[in-house]
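Once you've looked at the hints, dock chain Y against the given chain P.
There are 2 protein chains.
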Amino acid sequence: MEITDIGGVLCNGIKEGKYGLGLVRVRGSIAGVFTQNKIRAAPVIVCEENIRDGVVEGVIVNSGNANAYTGEQGMRDAREMCRIAANLLGCEERRVAVASTGVIGRKLDMEWIRKKAPEVYSGLGNSVENAERFGRAIVTTDRFVKKAYSEKARIAAVAKGAGMIAPNMATMLCFAFTSAKFDSGELYDMLRRAADKTFNRLTVDGDTSTNDTVLLISTGKERVERDVFEEELCSVFYSIAKQMARDGEGATKVFEVRVDGARNDEDANLIARAVASSLLVKTAIFGCDPNWGRIIAAAGYSGADVDERITLSLSDGRDEVFLIDSGRPLGNEERARVLMEKAEELVIRLRLEKGNGKGFAIGCDLTYDYVKLNAEYTT
Amino acid sequence: MEITDIGGVLCNGIKEGKYGLGLVRVRGSIAGVFTQNKIRAAPVIVCEENIRDGVVEGVIVNSGNANAYTGEQGMRDAREMCRIAANLLGCEERRVAVASTGVIGRKLDMEWIRKKAPEVYSGLGNSVENAERFGRAIVTTDRFVKKAYSEKARIAAVAKGAGMIAPNMATMLCFAFTSAKFDSGELYDMLRRAADKTFNRLTVDGDTSTNDTVLLISTGKERVERDVFEEELCSVFYSIAKQMARDGEGATKVFEVRVDGARNDEDANLIARAVASSLLVKTAIFGCDPNWGRIIAAAGYSGADVDERITLSLSDGRDEVFLIDSGRPLGNEERARVLMEKAEELVIRLRLEKGNGKGFAIGCDLTYDYVKLNAEYTT
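Going down the list, the sequences are from chains P and Y.
To convert, note that position 285 of the first sequence is 285 in the numbering used here; the numbers rise steadily by one, no gaps.
To convert, note that position 137 of the second sequence is 137 in the numbering used here; the numbers rise steadily by one, no gaps.
For reference, chain P alone in the conformation it holds in the complex:
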């Protein structure tokens, strides 16, 4: 199921070298969550302004240039992008949502956008090819376009975002469409909670790029139970978050850290995030090294209430190898190493004996290719 399978969603996009432009025509209610970075890109500021009424008629997105740290000129350019889309779609400028991703601190090439927008507009449609062209238009260093859907709740989403190997990496853009009828306030509540349970486990609160944007748009054509919808929205976002981790620059393995028995949920999440962010844990996973000392040390400096009574296991989803039982090392390193070598996805499970707090985080390994990509990708 593609975004164009949501009735009323028409889209198109083009990509020329590093630069892309995508356009969506869709009438409905809208909600968005944006980066918590203090340096916010112009399109983030403009988009948030424009969706304040909760009504949308179009979305315009460019890739290759983030239009971030571009001052007043950047604000004018972001507004002009909306105006260009509005003129083509025949709606008010403030009914257009806008997003950008790419390098920071460069003036947008508005000439290119002005020239290409009519071309993109003229190809708007609801075919699979349209959805694919839109997806390709919004990606940057991504190895693939991220997509997920729920037939049950009539949701389809498309996203870009790679390099999520650490919290402070490349921009995430996610556009989710649904025909399920909700007003923008309802959409916002569900979006915020779902993003917190999924993307924020990958990106860690506050540690976001200048441009991160997640939009949820409803065409309001059918009725879906709110509980069902929220659960399905979480599943869709969870799938996309995992795809982003898998596409972490140079990543070979995705892992989840699941913590329970912490003093409270906050502590459990602190531990999960500290372990998932540890460079030593990430490199150990790349090296298929069941170095649980690094995991324990990360739990210890997470800021959470931690003592040595920890039970720790590694799992590939089928088999689970316990490395520590309530503080007692079990000597199962060899079995764990074999499991790590075969697994593409790993679950690191930590059980504390402090309370009932639960939490989790998503991460990926740190590889040579990560360094290569980021050292050689020059400004």
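Honestly, I wouldn't trust all of these hints.
Remember, identical chains collapse to one label, so a pair may be satisfied in a single copy or spanning two.
Dumping the calculated DSSO-like pairs for lysine-lysine here, alpha-carbon to alpha-carbon at most 30 Å [as the list claims (entries may be wrong)]:
#, residue 1, residue 2
1, K354, K107
2, K115, K18
3, K152, K358
4, K253, K372
I should point out that these hints are in silico values taken from the structure, not numbers from a laboratory.
Same frame as chain P, but now just chain Y:
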């Protein structure tokens, strides 16, 4: 000036493969600061207990095994290390400070320590070779032993610690000796402040290994002004912190992030640490890429009060290239790239327009070799 140039300090050490044992005879007052990790190694707990009276007669250190996450057995082993040293030195067990560094979660090889300690003891002396043997005995993955001194304040220090490329890396041990007369309370106050201004800029508060230990021992033989002493102690620790950054696993460049004009010092330090810890900044420095967008983005997610009015420069200590002037990109990337290619040490300077807050942090670049070292160093 070596630690053995402090009158009354005798030392020795041996290294066999991955394992080392060092011993110091020194009578005097002592103060220590230790890891803030919640999982504390047995030697940290025992050392803190033993130095509570502020009096010391000996120090015993082993490398290759951290004696961390080793439960009751670990506590017994750490105490036995003190007892072994006490028996050899002819003092009470509680007059011995102890430290360990190495892998986590393995039982100490006490048999080896029992056998080797008399051999180390019999070679105690105050020659340069003695100081060198002690230094070699305490290092693990270090490429070199860290040393610094102040003639003026009669301080000499020796330390180990590499892989400080991120806050959560390998253990830091530092042993500083002085003949300047101070009681343990005075030593503690100065030690705490000096460590906060130096090591904690490298290791970030709380993000420490299970074994980090810094000891300051005074033989009390001469008088040095307190202000002079504290300033010199800071210089000695600063030198050692820089050496640790230079020895960051696989690091090719050391950099400092200096921030001023922040709302307050706390904000300035948050920004400095976020920039120095950013994987994208670290890889950009490795690639000699003046990618100031990554620096600005890190400042933005640091949690500090930040807006676009930032002035940013890169310097090699002699030349300074400005990249942004109060929010306006200057287009000096090519000059900055040339400067980065030639420099072994870099200063990234950020000036905000929020207030008078100042702060700094020390970091090093992230390279292929970092990944290689940490992926291949198996448990």
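Going down the list of hints, with the structure as the test:
1. For the homomeric pair K354 and K107, the shortest alpha-carbon distance between copies (26 Å) is at most 30 Å, but the shortest distance inside one copy (52 Å) is not.
2. Proximity of K115 and K18 under a CA criterion of 30 Å is satisfied intra-copy only: 16 Å inside one chain copy versus 65 Å between copies.
3. In this assembly of identical chains, K152 and K358 lie within 30 Å of each other by CA distance solely inside one copy; the values are 28 Å within and 55 Å between copies.
4. When the C-alpha separation of K253 and K372 is checked against a cutoff of 30 Å, the pair qualifies both within a copy, at 17 Å, and between copies, at 16 Å.
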